[in-house]
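**Q** Model the placement of chain B on the given structure of chain A, informed by the hints.
Chains as they are written, first to last, in my numbering: chain A, 894 to 1150; chain B, 894 to 1150.
Since the hints were made in silico from the structure, they are not lab data.
Same chains, same label: a pair holds when it works inside one copy or across any pair of copies.
Below are the PhoX-like pairs computed for lysine-lysine, each with C-alpha atoms no more than 20 Å apart in a straight line:
(1) 1088 - 1018
(2) 1088 - 1023
(3) 1033 - 1043
Read off the chains here:
There are 2 protein chains.
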Amino acid sequence: MRGGSDEGASRIALYGLRGMGEVRRGDDLGKKIYESQRKEGIPFDDGDIYVVAQKVVSKAEGKYVELEEVDPSPFAESLAAFLKKEPKEVEVVLRESRSIVRARLGVLITENRQGIICANSGVDKSNVGKEGRILLLPEKPDRSAARIRKSLESLSGKKVAVVISDTYGRPWREGQVDFAIGVSGISCFRDYRGKPDMYGRLLKVTNIAQVDELASSAELLMGKSRGVPVALVKGYLHERGEGSRALIRKVTRDLFR
Amino acid sequence: MRGGSDEGASRIALYGLRGMGEVRRGDDLGKKIYESQRKEGIPFDDGDIYVVAQKVVSKAEGKYVELEEVDPSPFAESLAAFLKKEPKEVEVVLRESRSIVRARLGVLITENRQGIICANSGVDKSNVGKEGRILLLPEKPDRSAARIRKSLESLSGKKVAVVISDTYGRPWREGQVDFAIGVSGISCFRDYRGKPDMYGRLLKVTNIAQVDELASSAELLMGKSRGVPVALVKGYLHERGEGSRALIRKVTRDLFR
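Next up, chain A with everything else stripped away, as it sits in the complex:
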């Protein structure tokens, strides 16, 4: 099962799954996804890849913080004043972070507790459903992905993969795209290093972050303001694998922090 086009697959289909209703703490997301897919009459196949928006995973795991219960530290207060942000929100971001990568121009970029570098440690106020409430990332997104995968596999009897995605900005480029923050059942990369190119020359550096590309392609269906929290990808051949840690560049290999 080498990647993408290499073995003749020349077609991929993406389906947006709706009709999951509001997600509540304790919900079995695998079951909700399974039922939504069955209702829409989309077949279950080995090799299916489910891209699940972080937001519904965090909601199912009850990862809320009530801002009124947050007491900002003096450091959070002064950082918030500098960035013209809300001190309680900055306090939550700092609690979710290991280090600050940049704090300037009203932007707070951190390395969060999951090791991901992004704005505000990935905490979020939109689509949370209650004013004064903030949604954190899942505690262990890889474990969340594995749980959803196992639930889906036991219900459908198929071998599938799950990618949990979130929307972040990038250096150098305007606009946001989706990235993979939790992975189960698929390798993070499609690795061409040491393979010959079309002319027999060895490829030195190409190592495609296929799960990030899958997250981005799924976002095209998920959007931000409508209830499409899951996209199903069919027809993309891939190797199996577990975990998203390999996606995170070690600080000694990173020229931008």
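**A** Relative to the frame of chain A, chain B by itself:
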């Protein structure tokens, strides 16, 4: 034609187009794509989006440099020694660049003449087909995209979009994904700023770089070692627009250069 899922589109299909044969200087890529699609029996529709690998665009435009004709400057010599790279190759990278963003750990990140920040100004040795030859980016990728779009539109009678894509690494994350470097017939962004979220709260920052996501999704079919230089995306609703310049973050808004 608001983006993605907003108006009921819940399915996207991606097709890899092969059978284009070797691309040569002067080739009409629009015509080659049209013929490949017709041969494969895939229908032509308004709103189709063609993602075209930079490499075939550069080949059609004859953007080759013969390394034996390159005379490296003293600066290129010393930078090459520091990075343990080939002086002639560094000279070509510098000629294609406006500024150096980082030069360390054997990596040379530049702002290239098109304004894109990436390794080696985007110049490439793999899949070029001749030792000692380097392929540059198209001179004006937006113009290249417009040319291909017009050729496809005149042959098919349909209104389509063209995105030229290339594969780059990212700060903070391992692996490469595809980005849009030339755009015609589609807006770069799907803009949610000022729109309400599911709960009526105004979204402040979400502005999806949809053409980058389209490039990444197309890469899933294009791969690196096989001849799939074009992917066709069907079913993704979008607003029309021209050019890729809006994707490039102004230096005053960029915390990472």
